[in-house]
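S.K.: So you can see what is in the structure, the chains are spelled out below.
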Amino acid sequence: MQMPEPDKAMLARRAEIVAALRDIVPGEGVIDAPEEMKAYESDGLTAYRTLPMIVVLPSTTAQVAAVLRYCHENKVKVVPRGAGTSLSGGALPLADGVLLGLGKFNRVLEIDYENRCAVVQPGVTNLGITNAVQDRGFYYAPDPSSQIACTIGGNVAENSGGVHCLKYGLTTNNVLGVEMVLIDGTILHIGGKHLDAEGYDLLGIIIGSEGLLGVVTEVTVRILQKPAVARAVLLGFPTSESAGNCVGAIIGAGIIPGGMEMMDRPAIHAAEDFVHAGYPRDVEALLIVELDGPAVEVDHLIERVAAIAADNGAVYNRVSQNEAERLNFWAGRKAAFPAVGRISPDYFCMDGTIPRRRLPEVLTRMTELSQQYGLGVANVFHAGDGNLHPLILYDANKPGELRKAEDFGADILRLCVEVGGVLTGEHGVGVEKRDLMPAMFTEIDLAQQQRLKCAFDPDGLLNPGKVFPQLHRCAELGRMHIHRGQVPFPDLPRF
Amino acid sequence: MSDTMRPETLDQLRDAVAWAVAEETPLEIVARGTKRTLGRTMQTDHTLDTSAFSGISLYEADELVMSAGPGTTLAEIESALAEQNQQLAFEPGDWGPLLGQPAGMGSIAGTFACNIAGPRRLKAGAARDHILGFKGVSGRGESYKSGSRVVKNVTGYDLPKLFCSAYGTLTVASELTFKVLPAPEKTYTVLVLGLDDEAAARAMALAMTSPHEVSAAAHLPSGIAAGSGVSYVREAGAGVTAIRVEGPGPSVEHRCRALRALLAGFGQVEELHTHNSLRFWRELADVVPFAARPDLQIWRISVAPLSGPAVAAALPDAAYYFDWAGGLVWLGLPPAPDAHADAVRAAVAATGGGHATLIRASADVRAAVPVFQPQHAALAALSRRVKEAFDPRGVLNPGRLYPGA
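Chain order of the listed sequences is X and L.
If you read the first sequence in the UniProt record's numbering, its first letter stands for residue 1, the second for the next number, and so on.
If you read the second sequence in the UniProt record's numbering, its first letter stands for residue 1, the second for the next number, and so on.
A couple of the hints might just be wrong.
[As the list claims (entries may be wrong)] Chain L stretches covered by chain X per the calculated footprint, using a threshold of three residues with CB under 8 Å from any CB of chain X:
id : segment
1  : 119 to 128
2  : 147 to 156
3  : 175 to 183
4  : 251 to 258
5  : 372 to 378
6  : 390 to 402
These are calculated hints, taken from the structure and not from any lab test.
Even for Gly, the Cβ is constructed at its ideal location relative to N, Cα and C.
Please put together the full structure from these sequences, using the hints given.
M.R.: Structure representation (structure tokens):
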């Protein structure tokens with residue numbers, strides 16, 4: 001994985017830039033000592049590390065605007081960062097860039113229960129929103145596994161999902177508005193407490209834009225009343241195919257569970273060894289199906305799900321009898337990543353999505369690739385929406401193994417695209433999948449996306465080197481090849 | 001009468017746009033054309049008709065996904081979904097009759113391009129929350145795609161969302177892919193009779209903040225309720241506040257009982273069962289109360305839910321009703337050359353935020369009045385740059401949204 005070569009002329013101006021930023025953000029808000037900047041050298045994708053040129057931690061929107069305006073005027077690159085839990089290297093610093101941390105934006109500004117929304121600063125954690133509203137029975141629906149640590153600003157950047165997004169949607173379906181600063185320092189307000197902002201759906205493209213379009217300084221989110229009851233059922237299957245069929249049959253029966261997760265045998269064992277969730281060890285695939293709503297509905301649907309599972313060959317069936325047991329069922333799944341971390345020195349967490357019915361074929365070919373590369377793989381899978389998380393096991397201390405793991409991961413993602421899926425379901429492209437973008441998109445597709453970036457950031461200063469495999473100048477992207485005088489197909493039907 | 005091109009292949013579609021780019025001649029983009037009076041009045045000499053791209057190309061019910069050509073009618077799509085007990089969860093209405101067109105002719109492309117959503121918007125999202133991908137031709141005359149056929153996808157910018165609400169000003173679609181969902185087994189509606197607007201807004205807020213998974217909440221003042229095709233609503237002789245629950249039978253019955261108890265303190269409470277409920281909410285999705293009043297200019301206003309009544313109160317000459325728990329105000333006013341735009345937008349601004357769109361007025365009014373909510377200068381400038389990124393020569397529905405977009 002290559003990042004753009006650091007600009008030596010920019011590095012030579014470092015002292016001057018530090019001084020200018022200190023004028024904007026006084027006190028300890030500008031960090032330039034290498035030992036203090038070390039905390040920012042990587043995000044959740046720890047395989048890649050770079051010390052930033054400077055770290056700046058503003059605490060007001062006006063400061064963010066002034067920092068960006070300065071960087072724009074001086075052509076300094078900027079990498080925005082929330083809590084740094086990105087799994088795709090979205091917050092990987094640039095050696096010649098400013099790292100803009102939003103950690104000081106950590107306040108809940110307003111809770112409006114009757115209009116069912118909350119206004120928060122981007123540095124508030126995902127779980128922090130729920131904690132702020134739960135005394136009135138509300139919660140914020142998207143729940144990425146990192147929800148204790150990850151921030152809503154990062155969730156907006158990555159369009160984060162979670163185990164409940166089949167029923168409740170991703171970040172993009174749960175955000176009503178943002179305040180955002182463009183690279184030239186312009187402060188924009190998009191949306192608010194009302195639904196569907198006027199004009200182009202800019203909110204729709206800002207969410208999931210991986211810090212390439214602007215810096216969000218305030219977020220208005222929808223909050224929902226917690227379902228009265230949630231119950232989970234563990235279902236064990238002799239093959240992943242029968243588990244996959246069961247998922248299709250549940251949805252085919254018109255049931256959309258609150259969550260529906262699948263784990264394969266290696267993941268089941270790793271999780272069970274780690275948290276003792278009570279998972280069966282003698283099955284090839286385990287489903288956790290959670291139903292939520294009024295008790296009468298949940299009881300009704302649990303029975304139907306159990307019957308569908310039996311029809312599809314389930315050999316294990318256990319319904320949670322109380323809240324503690326339900327949480328225990330989830331504890332294994334939510335700890336799957338660290339659990340795998342215990343059995344392997346290092347692991348890569350992949351994030352492709354496939355049409356669900358292609359799962360058996362994809363798992364078979366993944367097993368073949370695992371043998372070919374000589375690296376283990378464990379699978380956790382958001383079964384309802386086809387989002388796969390293969391965990392590739394490797395040892396970074398063994399020469400060449402990181403490279404082998406990267407190649408294995410790339411092959412898995414190409415496979416996802418080949419069967420009609422996508423490179424990333426919820427972790428983002430970042431640097432990790434950047435060079436694979438041509439597997440999914442043509443040059444024209446990618447150029448059109450980059451032209452949109454030009455509308456926000458014409459000099460390409462925000463998070464360059466992420467998402468797009470090649471950097472193009474906006475002037476070059478804007479050029480058109482016009483064939484004047486060409487008549488549309490002579491046989492084109494005209495009236 | 002403008003010249004119409006009706007391409008039948010993607011290559012022809014691309015060539016048609018490329019020709020318009022070379023000639024710098026603007027195109028009016030239509031699928032079925034039932035919403036061509038929606039938006040600012042445009043000056044175009046040529047029409048690009050995509051109705052030949054019609055039909056469902058992919059439908060996998062258990063994968064919850066469908067793809068269709070832009071000219072496929074919403075009616076055809078809903079009928080195919082109904083056969084599998086599925087639906088478009090954003091509940092798009094048929095705005096044909098509202099806009100003086102026949103019923104049942106509106107296209108899927110128009111539905112997405114105008115981001116149409118019905119009463120379930122407040123629970124399930126709008127068209128923009130259900131689109132997954134598209135193929136089409138940009139205003140540069142290049143064919144490209146974005147998105148995919150899977151529900152969970154963050155690979156690159158979410159251009160499909162940008163397609164929604166763009167009113168055909170950025171891309172001409174040749175295929176749309178979208179999410180479909182199971183239709184509910186049962187649909188019940190709790191009616192509270194005799195509430196004024198403020199009390200209705202409070203009753204709807206109470207229902208929405210309960211754990212009973214309300215899927216729609218609307219309030220019809222007595223004059224509007226009297227026009228309903230559902231006898232219980234028509235004959236109420238008072239304002240009708242309606243709260244909908246959907247799902248499996250036992251759950252719906254339980255939640256309906258719970259909501260009746262919760263709302264009993266507001267006024268007389270009745271309930272509608274599935275047949276009448278479906279009819280009632282379809283009327284609201286299709287904006288039937290104003291389709292039946294061709295004499296009025298029609299506004300569609302989105303504000304915070306509790307702010308709806310204040311908007312209506314500020315416009316004493318208006319006929320109106322509320323959907324989305326008060327957050328959506330459908331409003332009809334006697335015709336005026338300026339469509340009362342300043343008064344409507346002042347009423348919205350006074351609530352602290354939101355937007356108002358002039359949905360129905362004559363062409364000369366739509367040429368003179370900002371049809372869409374005017375934007376602050378910085379946002380307007382960004383919108384123009386977005387337009388230029390897709391359509392630098394301004395050949396796709398130019399000026400339909402805003403001057404320059």
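S.K.: So, for every hint listed, does it hold in this structure?
M.R.: Results of checking the hints against the structure:
no.: 1; hint: 119 to 128; in the structure: holds (count 5)
no.: 2; hint: 147 to 156; in the structure: holds (count 9)
no.: 3; hint: 175 to 183; in the structure: holds (count 3)
no.: 4; hint: 251 to 258; in the structure: holds (count 4)
no.: 5; hint: 372 to 378; in the structure: holds (count 5)
no.: 6; hint: 390 to 402; in the structure: holds (count 5)
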